[in-house]
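Since the structure of chain A is provided, determine the placement of chain B on it from the hints.
If you want the building blocks of each chain, they are given just below.
There are 2 protein chains.
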Amino acid sequence: MSHTAELIAVGTELLLGNIANTDAQMISEGLSQLGINVYYHTVVGDNPQRVRQAVDIARQRADIIITTGGLGPTCDDLTKVAIAQAFGKELFFHEPSAQRIRDRFAAMGHTLTENNYQQAMLPEGCTVLDNDWGTAPGVAFEAQGTHVIMLPGPPKECEMMFRHRAVPYLQSLSDGVIVSRTVKTFGIGESAAEALLRDYMNTLQNPTLAPYAKPTGTEFRITAHAQTEEEALALIAPVERQVVQILGDKVIGVDVSSLKEVCLNLLKEKGLTLGTAESCTGGLIAKLLTDLPGSSQVFRGGIVSYTDGVKTSVLGVPQELIDQYGAVSRQVAEAMARGAKKALGCDIALSSTGIAGPDSDDRNTPVGLVYLGLAFGDKCIVAEYRGGKVGRERIRRQSAQTALDLVRRHLTGLL
Amino acid sequence: MSHTAELIAVGTELLLGNIANTDAQMISEGLSQLGINVYYHTVVGDNPQRVRQAVDIARQRADIIITTGGLGPTCDDLTKVAIAQAFGKELFFHEPSAQRIRDRFAAMGHTLTENNYQQAMLPEGCTVLDNDWGTAPGVAFEAQGTHVIMLPGPPKECEMMFRHRAVPYLQSLSDGVIVSRTVKTFGIGESAAEALLRDYMNTLQNPTLAPYAKPTGTEFRITAHAQTEEEALALIAPVERQVVQILGDKVIGVDVSSLKEVCLNLLKEKGLTLGTAESCTGGLIAKLLTDLPGSSQVFRGGIVSYTDGVKTSVLGVPQELIDQYGAVSRQVAEAMARGAKKALGCDIALSSTGIAGPDSDDRNTPVGLVYLGLAFGDKCIVAEYRGGKVGRERIRRQSAQTALDLVRRHLTGLL
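So the sequence lines, in the order shown, correspond to chains A and B.
Quick note: the first sequence uses the working numbering, first residue 11, plus one each step.
Quick note: the second sequence uses the working numbering, first residue 11, plus one each step.
Here chain A stands alone, though its shape is the one from the complex:
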């Protein structure tokens, strides 16, 4: 049986534009993986009548209602009160939840105030969703043909509660299990990737195959429905092989988190170190690599040579090379990568030099042109990235990712 869910976010801060409703995005993505339809999201402020109205509308359109926010002690447990009233339920004091709140406050060395116990008032007959990531417990119940799940609003808490509490509850509503695996790509646009897979995608029923365009690259999610996880994975395996084969070297991995993680893992496997020499990306490549804990095992460091003086003095790029070819050139990209490899004492060095814009340089180099160098052993490869006038941020982000992809391609023998 196919289910339809509706999301209601409760929080005046959303209506004032202080924050975006990222909880809805995260939950929607999760529900789509579970094969649950979502036709509406609603955002409503901290106002009991309006929350009640949103719930009354939602229950006519969906058999699952998921609320986020309004569970904290300062908003008088607004969401729980409104939902309990809508479904004719009383709230009761749930001692185990009160104890968890006491323990949590004690562990943090904070003093508990009376209103914190409001969070332990829960609708009668509900399933309590223990919150290991914050104080307000979540709640799930079924009443009058509608399943209701209430989750806390702060995005990290909401995500953990959704993945570890709501998803198992939702899975129990359907026969069997739903399992998915995601094939991530880099360097191929959504429409080009879809064109390659469209015919194959249309032949599939279980598992299904769906594209997701992300800023870092297009992803394809393979989702299977079966009696057991093992059966689902067996259904996925041949489709995964086929998708990976069709997309070829654009595939950076399956169920991997990011290109930067793929690079760090390849470097660790091979026992190699990396360094960077960045001009137009201005430290972004180093920043991306060091986002991840444990990066210091393989990332030695970087030089942001934003001016010609730093290129010559720290990286040893010959001034004549800059004079002859310009700072944005294959020759300078190569000299920067070789210079970084030497100065940083790393096995592989990446370099970037280009025009992020909005203005060009005094040689009228086109905005969006970036040269990326990769030095290893006594060799150096230089790749050209042409982003066009897509804006400074996107040129920098895309060229940094393209640089990381050079490392992936080099370490997997694709270059």
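Some clues are possibly wrong.
Because identical chains share one entry, a pair is satisfied inside a single copy or across any pair of copies.
[Said to hold, decoys possible] DSSO-like, lysine-lysine: derived pairs with alpha carbons at most 27 angstroms apart:
{"no.": "1", "residue 1": "Lys166", "residue 2": "Lys224"}
{"no.": "2", "residue 1": "Lys166", "residue 2": "Lys399"}
{"no.": "3", "residue 1": "Lys260", "residue 2": "Lys399"}
{"no.": "4", "residue 1": "Lys389", "residue 2": "Lys278"}
Treat the hints as calculated values from the structure; they're not laboratory data.
For chain B alone, coordinates are given in the frame of chain A:
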């Protein structure tokens, strides 16, 4: 007269969780500045019946409906058709909009297909909102007591269309003008800042004073309603002086975009250059500064000394200092800043060394402890940042911002 607006976002990609509804955040913030109430946001997919239903619900609750998305050629102008039906209007072919679309395609060298003309079909009697940032024109009209504004969905286009087209239309609905100015702070929490201003805030009626908590710091927006912009600014001026006086050196500026911009402008004014030596922030400080065009005028470059070897070889930090005090120490922060100043040939150098976590180092230095150095002339100041276990990303972001704030304080004589 006070108005109430409701936002309807049209797009299946929002319901699948591919993107978050950032348009709603941007518009809500703008409406709050205009003094227009927002009680609900709705998100609905590319489905005419459901869009119609969302509109029918919204018009009962609000006198202004703003839609985003569903204006592109591939979605059959879904939003316009549904809205026109809801308000009993016909669509007509608007030749000037068709001409703008032709011109735009010609300028980009793209060929126009027949469905692009769908975008020039507009509801009768509407005000056309010319789109200088994309192809689909926006629309505004008043019918049966409701004002309807339709904007394109892509976030950048939506933002420009809202600010330059929808805001003037909305301002024309009220007597006089609404003007606001924003006091930005760094280094004071939302509740501490509010506590300082609460009594004063409560005495105000026109202008009003409202706090906004942002990841980069708390902002206070002063909003005045008057017959002319001049009168509004005259009402704001004394309040602005008072707020700036109360918040003191926590104020980074009024109507400024960010701390990094404040730093770059101060450096430009004083004709000074900056360089960086980053350990735990891993290139983030350099990345932030180079986010802004024109940063190359004052930012010379940076060294990401992620390993001890790079600290000693490139920055000249004595190995004995690292052995004696550890890489995360005041002494090493100072040596890094002094070393960067010399290696990069800049007037001022910033350094960072700390534990971003999740794990500590072999000296059991607490996670979240970061030392920040600022070298200038022959002096060096070292500041300590203690973020606690708030997560790697937040420790890195906060300590990078604190480093930039050191530059601001130094250049404004506060250190």
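Okay, the hints, checked on the actual structure:
1. Lys166 with Lys224: both (20 angstroms within a copy, 17 angstroms between copies)
2. Lys166 with Lys399: Close across copies (14 angstroms), not inside one copy (35 angstroms); limit 27 angstroms.
3. Lys260 with Lys399: within (24 angstroms within a copy, 37 angstroms between copies)
4. Lys389 with Lys278: within (21 angstroms within a copy, 40 angstroms between copies)
In this structure, none of the earlier numbered hints is contradicted; all agree with it.
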